[in-house]
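A.B. asks: Listed below are the residues making up each chain.
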Amino acid sequence: MKRILATISFVVFISWLLGACSGTSNGDAVSRRLTVFAAVSLTDAFTEMGKAFESEHPGVIVAFNFGGSQNLRTQIEQGALADVFASGNGREMDTLAAQKLVDAGAPKSFLTNQLVIILPENNPADVVTLDDLARPGLKLVFAAEEVPAGIYARQVLDNLNGVYGADFKNQVLANVVSNEDNIRQALTKVQLGEADASIVYVSDAVAVPELQKIEIPADVNVIAEYPIAPLVESENSDLANEFIDYVLSPEGQATLKKWGFTPIVP
Amino acid sequence: MKVAWLLMSQLRKPFFQSRLSPLTEWLFVLPSLLLLALLALPILALLWRAGTDGMLSLIAQPSAIAALRLSLLTSTLSTLIAIATGTPLAFVLARRKFAGKTFLELVIDLPIVLPPSVAGIALLIAFGRQGVFGAWLNAIGITLPFTTTAVVLAQTFVSAPLFVRAARIGFAEIDHKIVEAAYVEGSNEWQLFRYLMFPLAGRAILSGAILAWTRAIGEFGATILFAGNLEGVTQTMPLAIYLGLERSLGIALALSTVLVFVSVLLLLVTRRLEDHKDGSTN
Chain S
1 MKRILATISF VVFISWLLGA CSGTSNGDAV SRRLTVFAAV SLTDAFTEMG KAFESEHPGV
61 IVAFNFGGSQ NLRTQIEQGA LADVFASGNG REMDTLAAQK LVDAGAPKSF LTNQLVIILP
121 ENNPADVVTL DDLARPGLKL VFAAEEVPAG IYARQVLDNL NGVYGADFKN QVLANVVSNE
181 DNIRQALTKV QLGEADASIV YVSDAVAVPE LQKIEIPADV NVIAEYPIAP LVESENSDLA
241 NEFIDYVLSP EGQATLKKWG FTPIVP
Chain H
1 MKVAWLLMSQ LRKPFFQSRL SPLTEWLFVL PSLLLLALLA LPILALLWRA GTDGMLSLIA
61 QPSAIAALRL SLLTSTLSTL IAIATGTPLA FVLARRKFAG KTFLELVIDL PIVLPPSVAG
121 IALLIAFGRQ GVFGAWLNAI GITLPFTTTA VVLAQTFVSA PLFVRAARIG FAEIDHKIVE
181 AAYVEGSNEW QLFRYLMFPL AGRAILSGAI LAWTRAIGEF GATILFAGNL EGVTQTMPLA
241 IYLGLERSLG IALALSTVLV FVSVLLLLVT RRLEDHKDGS TN
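Residue numbers (the numbering used here), protein chains in the order written: chain S, 1 to 266; chain H, 1 to 282.
Keep in mind the hints are simulated off the structure, nothing from the lab.
Keep in mind it's a predicted model, so treat the numbers as computed, not measured.
Think of the CB as a built atom: it goes at the ideal place given N, C-alpha and C, for glycine as much as any other residue.
Do not take every clue at face value.
To be verified - Quick list of the computed label-pair ranges, beta carbon to beta carbon:
{"#": "1", "chain 1": "H", "residue 1": "V260", "chain 2": "S", "residue 2": "E56", "range": "23 to 31 Å"}
{"#": "2", "chain 1": "H", "residue 1": "L267", "chain 2": "S", "residue 2": "R3", "range": "51 to 59 Å"}
{"#": "3", "chain 1": "S", "residue 1": "D167", "chain 2": "H", "residue 2": "L114", "range": "41 to 49 Å"}
{"#": "4", "chain 1": "S", "residue 1": "A6", "chain 2": "H", "residue 2": "N188", "range": "46 to 54 Å"}
{"#": "5", "chain 1": "H", "residue 1": "R194", "chain 2": "S", "residue 2": "P136", "range": "45 to 53 Å"}
{"#": "6", "chain 1": "H", "residue 1": "L267", "chain 2": "S", "residue 2": "A174", "range": "57 to 65 Å"}
{"#": "7", "chain 1": "H", "residue 1": "G51", "chain 2": "S", "residue 2": "E56", "range": "51 to 59 Å"}
{"#": "8", "chain 1": "H", "residue 1": "L80", "chain 2": "S", "residue 2": "K257", "range": "27 to 35 Å"}
{"#": "9", "chain 1": "S", "residue 1": "D158", "chain 2": "H", "residue 2": "P31", "range": "55 to 63 Å"}
Said to hold, decoys possible - Some chain S residues judged to face chain H by a derived CB distance under 10 Å, without partners named:
{"#": "10", "residue": "L18"}
{"#": "11", "residue": "K100"}
{"#": "12", "residue": "L101"}
{"#": "13", "residue": "P120"}
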């Protein structure tokens, strides 16, 4: 008797687990799943948009995979099933287009983003101006050179060479104690006070309001354009296009603006 | 391969020398082959790709060499720390009974089953610059995160418990009669440890050390969270493989191949030690 009960409860448990996997909580509504691979900086904005999209499309579940754009690109190349890709830069999208994983004309820019310097709440290293970043002994944590945000941050340093002298970038990079896998990891290290400063997207800084910020002047800042596209191998291309339309709609753009991005559709 | 060969030879002989029907035999062989395929095919594919595409030459890249050197240095250091601190601990655990021992053993074993990412966050919260204890260290000028020391600490955290476990079992397995005889002969606890128990448990200690070393070399999650990622300072082989995947699959494959060979080698040595032990007791 005990054994039968144990078997029954095990079977119930397993079917509950399987139910969780497929995401079908209600059996009667036919549910479809839209898988969106998005740059990690979009985490808050896209999660909010996903919920709005779900409520407009009953029976649709939007599943997100947030990560460094270069990571997501690799996953898609290796055959990960995705319907939509929203990248932090054009390079990863172009790489996919070159392999015919995305139609060449498909990617649309849907927002721009800029960079800002963030400091922990208590600013332990007393960083006040941009050129303080070159002060020896500072602990900086950047996104790695492979990550779009990491590339932009180094471009900003290139631009600042024109202001503070040709060696400025090298001096700043000498203070880098870690190259993180994605921009949110760098942000977390600053948030925890483990790093003295980082260069992140304005939108990342909006997500963590308690951080101190130093603005980067417009003439040396970099404007990052994010492209979005449906994937050729998507089995839900109708839904994928509807989601992209939603991102570009006034409602979607308003959500992006709320999270610190600059909308591209006026 | 040895296992596969054994399985194949068993196909011709009935299992357990009993009279199982061919159907029953397949009931054993088929699931075994499925699991073996899952375990062996990825490694074979990895080696095959690395070999055919001539990617092994990429191992000579400066970043790959730096990762290799750092991995060897840190894993050796963390294993030495595990031996130096874990042997006394294992000895005490094997010899003494005291209140809270079960709880202590639980604390020691916990990192073995803990996800490495949890270990990394815990280390950061404890020993980070603004961490619970790290703030004190920071006050006297010691900062751990983003240093090679942090890599060693992360590796020790996840690998030392394996060593303690192996050494403790080694000490506990020593025949009580021998220990008692030594007592009768008038040896004290230090002499007992130095001249009797340490040599007798030597094999267990060595295989525990190798096990810990393998685990330390493979450490990833705790390292990337607690020590970060900087070439030559904190970027060990597993980190270089993970982050190199986006830059060039070739470097990742080459480094993976090296790690596979190192792991196989270490496993063979542990196997040897265990075989010898079985031989001596039989």
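A.B. asks: All the hints need checking, so say for each whether the structure fits it.
C.D. replies: These are the hints, each one checked on the structure:
Judged by the Cβ atoms, the range 23 to 31 Å given for V260/H and E56/S is violated: they are separated by roughly 49 Å. The hinted window of 51 to 59 Å between L267/H and R3/S is violated, with their beta carbons roughly 38 Å apart. A hinted range of 41 to 49 Å for the beta carbons of D167/S and L114/H is consistent with their spacing of about 45 Å. Distance hint check: the CB atoms of A6/S and N188/H are about 53 Å apart, consistent with the given range 46 to 54 Å.
At roughly 49 Å, the beta carbons of R194/H and P136/S sit within the given window of 45 to 53 Å. The beta-carbon spacing between L267/H and A174/S, approximately 41 Å, falls outside the hinted interval of 57 to 65 Å. At roughly 52 Å, the beta carbons of G51/H and E56/S sit within the given window of 51 to 59 Å. Between L80/H and K257/S, the C-beta spacing of about 55 Å breaks the proposed range 27 to 35 Å.
D158/S and P31/H have their C-beta atoms about 59 Å apart, which keeps the hinted 55 to 63 Å range intact. Interface restraint check for L18/S: the shortest CB-CB distance to chain H comes to about 20 Å, outside 10 Å, so the restraint is violated. The interface hint given for K100/S is violated, since its Cβ lies 19 Å from the closest Cβ of chain H, which is over the 10 Å cut-off. Hint on L101/S is violated. Least Cβ distance to chain H is approximately 16 Å, over the 10 Å limit.
A hinted interface residue such as P120/S counts as satisfied when its beta carbon comes closer than 10 Å to some beta carbon of chain H; here the least separation is about 8 Å, so the hint holds.
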